[in-house]
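Number of protein chains: 2
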Amino acid sequence: MNAAILGYGTVGKSVFRLLERVEGISVRYVLELPDRLNESYMVSDPEVIFTDKDVDIVIDALPGTHPSYEYIKRALECGKHVVSSNKAAICFGFEELNKLAGEKGVSLLYEASCGGTIPIIEEILRIGKLDAIDKVYGILNGTCNYILWQMDKNSMDYGEALSLAQKAGYAEADPRADVSGFDVRNKIIILSSLAFDSFLEQDIPTVGIERIDKDLLCRFRSEGKVIKLLGMAVCSGSSYALAVAPAAIPETALEAGVPENFNMISFNGEYSGEIKLYGQGAGGDPTADAVVRDVEKILYKDPAEYGRTFEKKPGYDPALLRGTCHVGDQIYPDSVLSDMALKAEKEGKSFVFEFNA
Amino acid sequence: MNAAILGYGTVGKSVFRLLERVEGISVRYVLELPDRLNESYMVSDPEVIFTDKDVDIVIDALPGTHPSYEYIKRALECGKHVVSSNKAAICFGFEELNKLAGEKGVSLLYEASCGGTIPIIEEILRIGKLDAIDKVYGILNGTCNYILWQMDKNSMDYGEALSLAQKAGYAEADPRADVSGFDVRNKIIILSSLAFDSFLEQDIPTVGIERIDKDLLCRFRSEGKVIKLLGMAVCSGSSYALAVAPAAIPETALEAGVPENFNMISFNGEYSGEIKLYGQGAGGDPTADAVVRDVEKILYKDPAEYGRTFEKKPGYDPALLRGTCHVGDQIYPDSVLSDMALKAEKEGKSFVFEFNA
Chain Y
-9 MNAAILGYGT VGKSVFRLLE RVEGISVRYV LELPDRLNES YMVSDPEVIF TDKDVDIVID
51 ALPGTHPSYE YIKRALECGK HVVSSNKAAI CFGFEELNKL AGEKGVSLLY EASCGGTIPI
111 IEEILRIGKL DAIDKVYGIL NGTCNYILWQ MDKNSMDYGE ALSLAQKAGY AEADPRADVS
171 GFDVRNKIII LSSLAFDSFL EQDIPTVGIE RIDKDLLCRF RSEGKVIKLL GMAVCSGSSY
231 ALAVAPAAIP ETALEAGVPE NFNMISFNGE YSGEIKLYGQ GAGGDPTADA VVRDVEKILY
291 KDPAEYGRTF EKKPGYDPAL LRGTCHVGDQ IYPDSVLSDM ALKAEKEGKS FVFEFNA
Chain D
-9 MNAAILGYGT VGKSVFRLLE RVEGISVRYV LELPDRLNES YMVSDPEVIF TDKDVDIVID
51 ALPGTHPSYE YIKRALECGK HVVSSNKAAI CFGFEELNKL AGEKGVSLLY EASCGGTIPI
111 IEEILRIGKL DAIDKVYGIL NGTCNYILWQ MDKNSMDYGE ALSLAQKAGY AEADPRADVS
171 GFDVRNKIII LSSLAFDSFL EQDIPTVGIE RIDKDLLCRF RSEGKVIKLL GMAVCSGSSY
231 ALAVAPAAIP ETALEAGVPE NFNMISFNGE YSGEIKLYGQ GAGGDPTADA VVRDVEKILY
291 KDPAEYGRTF EKKPGYDPAL LRGTCHVGDQ IYPDSVLSDM ALKAEKEGKS FVFEFNA
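In order, the protein sequences belong to chains Y and D.
Residue numbers are given in the numbering used here: position 177 of the first sequence equals residue 167, and the series is strictly consecutive.
Residue numbers are given in the numbering used here: position 35 of the second sequence equals residue 25, and the series is strictly consecutive.
To be clear, the hints were calculated from the coordinates, so they are not data collected in a lab.
Hints may be right or wrong, so weigh each one.
Same chains, same names: a pair is fine if it fits in one copy or spans any two.
List time: in silico SDA-like cross-link candidates among lysine to any residue, alpha-carbon distance up to 20 Å [claimed, not checked]:
#1 Lys143 with Ala246
#2 Lys94 with Cys68
#3 Lys157 with Gln320
#4 Lys336 with Tyr322
#5 Lys3 with Glu29
#6 Lys302 with Ser229
#7 Lys119 with Leu289
#8 Lys125 with Gly297
#9 Lys94 with Asp203
#10 Lys333 with Glu344
#11 Lys333 with Val224
#12 Lys143 with Phe172
#13 Lys143 with Glu213
#14 Lys63 with Asn(-8)
#15 Lys119 with Glu200
#16 Lys119 with Ile15
#17 Lys63 with Glu86
#18 Lys119 with Glu29
#19 Lys336 with Phe40
#20 Lys157 with Gly273
#21 Lys94 with Val17
#22 Lys336 with Thr41
#23 Lys94 with Glu301
#24 Lys3 with Gly263
#25 Lys94 with Val33
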């Protein structure tokens, strides 16, 4: 089979190198900027790729919603299998792109979009086939985890920890997509849609870590709690709720010990019980590892996903995520997360949700 | 496809129930004791199963090495696919049974033999295809973890914690296979053979938890360390070492926080980095979950394993596992685990290895 890689940044380069180890696949094109076409296989016009009948798989290793979304759509329309590591684009066109892949009889796989090397989508789909999954949650953003981990460990200010994360290559120069919680939002929507077999399109409470300071971390530590940015999704009967927020979790919870820029994602199956997966959630090589796994599924005709339609239409019920909420210094027991997150936003205060798995 | 289930204990019953949810498979036989043949599909003569041409998959849900090993072999010889949850039998005939499956062109799958519901074999094989794995280790026995966890949490004696584990159904009336470390030995041999692509047949140091008392746990706690029973495997160039032993690990390590009867297994891939998987390592439903996943692989013609031969023949070098060893009250820095474990055994003393991942 022939592949084309869209984008030649950190992920694209790692994918290129790792694909050399896979028999039966060769990279025919790499989409690059016009001023960087250093190799014969590099092109800057994506239509060259989409219209080449010999290209079987298009690998999207671009960041951001656009033009990734448009490229994925075009590739599917041209009958190409698509593998994407781009959570923003996949989340943006989730229902439409999955449906389109089904209509065209091609695969749309995106393991690398959530949790890097961690095989979370594979596990959720596998368990979900037999089992009812009622909860998905976890640490889904390595940048935020690194910042909170540094702040907590070294009693550091937010700004100082952010600079450190940027120096270490764990945060972008413009870190807003990560620290605002929007990156986690994309991921928890993708994961819970698959887990609950429904496209969950609601706007969801999304609180980042910008207002977490070291005094707040200290206050929770003195009560035996650690703050982590969590994506949370619960389903009960025909209702569901999702949220992204800084969460206070007991020091004894495994999530409390997740260091540096690692991710840890959990879900519960009726038969399987609680499963947690831990690993590198970002970075070129770990992401490429997940991309190449998806490519191999197509190559070896694993019973891969040929699109997906969501039959269930559960109702959004934010009240399913309730508990003790902290808005600035105020404590609100047994409150609805989304209400209190909104209150914190309006008042310009920090927000922390006490999370018990 | 038609399946037969060997054994109708906790695992066999869960497998039976869970298979009802899988389209395309029906259970034709259950092998039961002669005095328990309550249903028309129950038989007590395994030859009825092996010689029935319409049986495609034999599911081994028996405990212990024999007669499981003989049944697996016979089923493979008769051209049946085999799925087994039995680590003792699989480890005992590992190289031979894998080779036989390859010769017969049938699948031999045993995800449920290591770590219950945790998809550890799948992950190791997947990562190992592209990546070099140089380390596998973890908490692989729920019974031992439950006992050590109770002893540590509630400052309990070994005997008291063992009774509690038996009452909770986490330990057998005869707990020796678990507490002696032999169960972990089988699992770490299976996992590291797959990870290092070699059949590692060496006798390996195997120390259980019988000599761990609450004073020892306290002593390590006061130094910020927790004792867990670990299976450990390392590979360096063309050498490897394996061991099972109580290990002192820092309180900050994720393994330190693994509660109750859960398992956590880790490995390192060159591309993927460190991956950890956590979940229920035993019990009827979690084990059945892994069994049924293997059955589905065969059913859906997933590129499942059709046997396996091990080409590499690395040399056993116990010196690869060295560090600080505790024999009773004595501390031996930078010592070889296997030497010190032997010394402890001879002197009838406790043994603890300081493990750093």
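Measure nothing new, just compare the shortest in-copy and cross-copy C-alpha distances for Lys119 and Leu289 to 20 Å and report within, between, both or neither.
between (23 Å within a copy, 14 Å between copies)
At most 20 Å between alpha carbons: which applies to Lys63 and Asn(-8), within, between, both or neither?
within (19 Å within a copy, 41 Å between copies)
Checking Lys94 and Val17: alpha-carbon separation at most 20 Å within a copy, between copies, both or neither?
neither (23 Å within a copy, 36 Å between copies)
Evaluate Lys119 and Ile15 at a C-alpha cut-off of 20 Å and name the case that applies: within, between, both or neither.
between (30 Å within a copy, 15 Å between copies)
If the cutoff is 20 Å on CA atoms, where do Lys63 and Glu86 land: within, between, both or neither? Let me know, please.
So Lys63 and Glu86 pass the 20 Å test inside one copy only (9 Å; across, 49 Å).
At most 20 Å between alpha carbons: which applies to Lys94 and Glu301, within, between, both or neither?
Close inside one copy (19 Å), not across copies (42 Å); limit 20 Å.
Is the C-alpha distance from Lys3 to Glu29 at most 20 Å within one copy, between copies, in both cases, or in neither?
within (13 Å within a copy, 59 Å between copies)
Within, between, both or neither, where Lys336 and Tyr322 count as close if Cα-Cα is 20 Å or less:
within (16 Å within a copy, 60 Å between copies)
Pop the pair Lys119 and Glu200 into one bin, within, between, both or neither, using alpha-carbon distances up to 20 Å.
neither (38 Å within a copy, 41 Å between copies)
Is it within a copy, between copies, both, or neither that the alpha carbon of Lys3 lies no farther than 20 Å from that of Gly263?
Close across copies (17 Å), not inside one copy (38 Å); limit 20 Å.
As a check of your reading, is Lys119 near Glu29 (CA-CA no more than 20 Å) within one copy, between copies, both or neither?
Classified as neither: same-chain Cα gap 44 Å, cross-chain 28 Å, threshold 20 Å.
Status of Gly273 relative to Lys157 across identical chains (alpha carbons, at most 20 Å)
within (14 Å within a copy, 46 Å between copies)
Consistency with the previously given hints fails for numbers 3, 8, 9, 11, 12, 15, 18, 19, 21, 22 and 25, ordered from lowest to highest.
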